[in-house]
Amino acid sequence: MILTLVGVSYGTLDGTAQRAKGVGADILFRPPGSSAIGLSSAPMSDKIPALLMQEPHVTFAMGTMVQPLSGFDSITGLDLDDFKRLNGGFHYLQGGPLVNDDDLIVDEFYAKQKHLKLGDVVSLVNHDWKLSGIYEGGKLARICVKLRVLQTLTGNPGHLSQIYIRVDDPNKAQAVVDALRVKYHGYQIYTMEEFTSLLSINSVGMLKSFIGVVIGVAVIVGFIVVFMAMYTAVLERTREIGILKAVGGSSGLILNILFRETLLLALLGAALGIVLTYGTQWLMKHAVPASLVQETVYGWWPIAAGIAVVGALLGAIVPGVKAVKQDVTEALSYE
Amino acid sequence: MNEAVMIEVEGLTKTYQVGDVAVHALRGVDLQIQKGEFVAIIGASGSGKSTLFHILGGLTPMSSGTVRINGRDLAGMTNAERTQLRKTTVGFVFQKYNLLPTLSAEDNIRMVQYIADRDTAFDPAFREVLGLLGIADRLKHKPRALSGGQQQRVAIARGIVNSPAILLADEPTGNLDSENSAAVLKLMKDLNKRLGQTILMITHDAEAAAYADRLVKMKDGRIV
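Each protein sequence line maps, in turn, to chains B and D. Numbered according to my numbering, the first sequence spans residues 350 to 684. Numbered according to my numbering, the second sequence spans residues -3 to 220.
Derived from the structure by calculation, the hints contain no laboratory data. Misleading hints may appear alongside valid ones.
Derived pair list, reagent style BS3-like, types lysine-lysine, alpha-carbon separation capped at 25 Å [said to hold, decoys possible]:
hint: 1; chain 1: D; residue 1: LYS185; chain 2: D; residue 2: LYS31
hint: 2; chain 1: B; residue 1: LYS674; chain 2: D; residue 2: LYS92
hint: 3; chain 1: B; residue 1: LYS671; chain 2: D; residue 2: LYS92
Derived coverage of chain B by chain D (criterion: at least 3 residues anywhere in the stretch with Cβ under 8 Å from a Cβ of chain D; other residues may be distant) [to be verified]:
hint: 4; segment: 592 to 600
hint: 5; segment: 668 to 681
Don't be surprised by glycine CBs; every beta carbon is placed ideally from N, CA and C.
Turn these sequences into a full structure, and let the hints steer you where they fit.
As C-alpha cells, this is what we get:
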C-alpha cells in the first residue's frame, strides 16, 4: 500500500512533467500567482503571445487555455496550427485534427480508459463533442479542443491560461527568462527544465504537504496493519509459547525464535509487497491509464521494508514478551 | 539424602490469592518417590493433584516447604533455574498433548533436544523406543494428521527424549478413548520397566492408576 501510494504520487507528477516536456517549448509563461500544478482560470490576454514574439531570441509563442474537469482531468484549448509550428503537432493514431468547432481529440490513454472510438460523442464542460482523433500520448494534454470554442464555452473569450515560448537557441532560454521576468513582473516564467524539475514532490509547496499527508497516512496505516497482524498472530500462539517454556525453553530463546521468525516473515512480506506493486502498476496501466500512473520508486523499497520490519517486530515482541512473562500454566491453558 | 530417592517433598504448601480470598491448594504435602518407581497420584477435581504436578515440574513456585528433585532443591529457585530444571531433569506429558501444530511429530521431539542443546539426531536406543511407542512410521506427520493416541505417544517420546530424571504425566489418558488409553498406559508401564524411567502420573481415573506400582491419594490439598 505504501509503495503503491508513493508510486502513484510520483507517477502522476512525472506524467505531467513528461507531457509538458513533450510540447517542445523552451519557456513556459504563466499568469501571476499560479502554482506549478494547477490552472483554474484563464486570466492572461491572448494578445500576450504576439508581444512575446517581439522579444529578442523568441521565435514563437503559443497560448493555451486549460479548464479543469473532474478528478485529475482537464481539457485544453489550443490552436493546432500554432501547436504544429511549435513542435510538429500531434501524431494521430486514429482519425485526424480538429476541423469542426465540436471536434475533440484525446490521447491514446484517455481513449483507452474511457473506451472511446472515433465519432463517439463526449460530454464535457456542458457541451457535446465529437471525437475526431486519437493521438500518441506524452504531449501537452490528454483532451484537446479548439481554443476559441473553449474560451467561449467557459466565458473566457480572448483569455489564456499559459503560453509556451520557443527561442532560437535553447542555451539562451535562461537569459530570455531573466529578461522576461524583469519586463513582465509577477508572471510565473520558467525554462521548461526548471518547470519540470518543479514537478516533484519536494518542490511543489502544497503538493508536498498533500503527498506528505498521503504517504504519512499510508505509513501509519501500513504500520498499524502489520503491527496488529503480528500482534494477533503471536497472541494466538500464547499456548505454543507456553509449550516451549514448559519443555525448558528460556525466555531469551523463545524471543529469539520469535524475532527471527518475524524478521523473516516481515522481509518476505515486504518482498511480496514489492511484487504486488507491479500488479497494481499493471492494473492502473490497463484500467485507468489516463488518470493514475504508478511509478516504481526504488528509493522507497528499503523504507517500506523498514516500516514492515519495525511494525512486525514491535507487533510480535509486545505479546511475545507478555507471553514469556506469563505463568507457564496460564499460557498452556490459553485457548 | 538417600540416592535412591528421586522426589522428596516435605511440608509443601501452595496458596493462591484469588482477589481477597486465599485458596489453599496444598496444605502440607509429604511424599517420597524412589528412582524407577511408577507412581500414580489420584484424587478428585480440586484435590490439589494438578498443583502438586505443576510445582514438581517447576512450572509454578511453591509457597512453603521443601521439594527436592533428583537432589536439587526447588525452594527459592528463580524462574531461570526452574526453566533449567524443566530443560534437564523433568519431562512432561500433558492431557492435551501440547504438541506444536506447525511442526511434524519428529520436529516436535527434536525441538526439546534443540532446547536442551543436545544433538538432534535420534540415537539407535531412542529409535527403538519410537518403535516401542509405535510411531516410527508417523514421524513426518503433523499433529493434526495423527489420532489422539498417536499424538499422546509422540508427546511421551518428546517427554523422554532427553532422558529426564522423571517423567511427569498429567491426566495422559484424559482425552483418549478406552482402547487408546490402555495402549498409552501400557507403553508407560513398558518404559518404566524396560528403561527404568521414573514416572509420576496424575489421574482421577482408578483404571489408569492401576497401571502404577504405587497409588497416592489426595484430598483437600493433603495426601490421605
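Hints, one by one, checked against the model:
1. Between D:LYS185 and D:LYS31 the alpha-carbon distance is near 14 Å, which keeps this suggested pair within the 25 Å criterion.
2. In summary, the hint linking B:LYS674 to D:LYS92 is supported, as the alpha carbons are separated by about 22 Å, within the 25 Å threshold.
3. Restraint check for B:LYS671 and D:LYS92: the C-alpha separation of about 23 Å stays at or below 25 Å, so the hint holds.
4. Interface restraint, the segment 592 to 600 of chain B with chain D: holds (9 residues with C-beta to C-beta distance below 8 Å; minimum three).
5. Taking a C-beta to C-beta cut-off of 8 Å, the segment 668 to 681 of chain B contributes 4 residues in contact with chain D, enough for the three needed, and the coverage statement holds.
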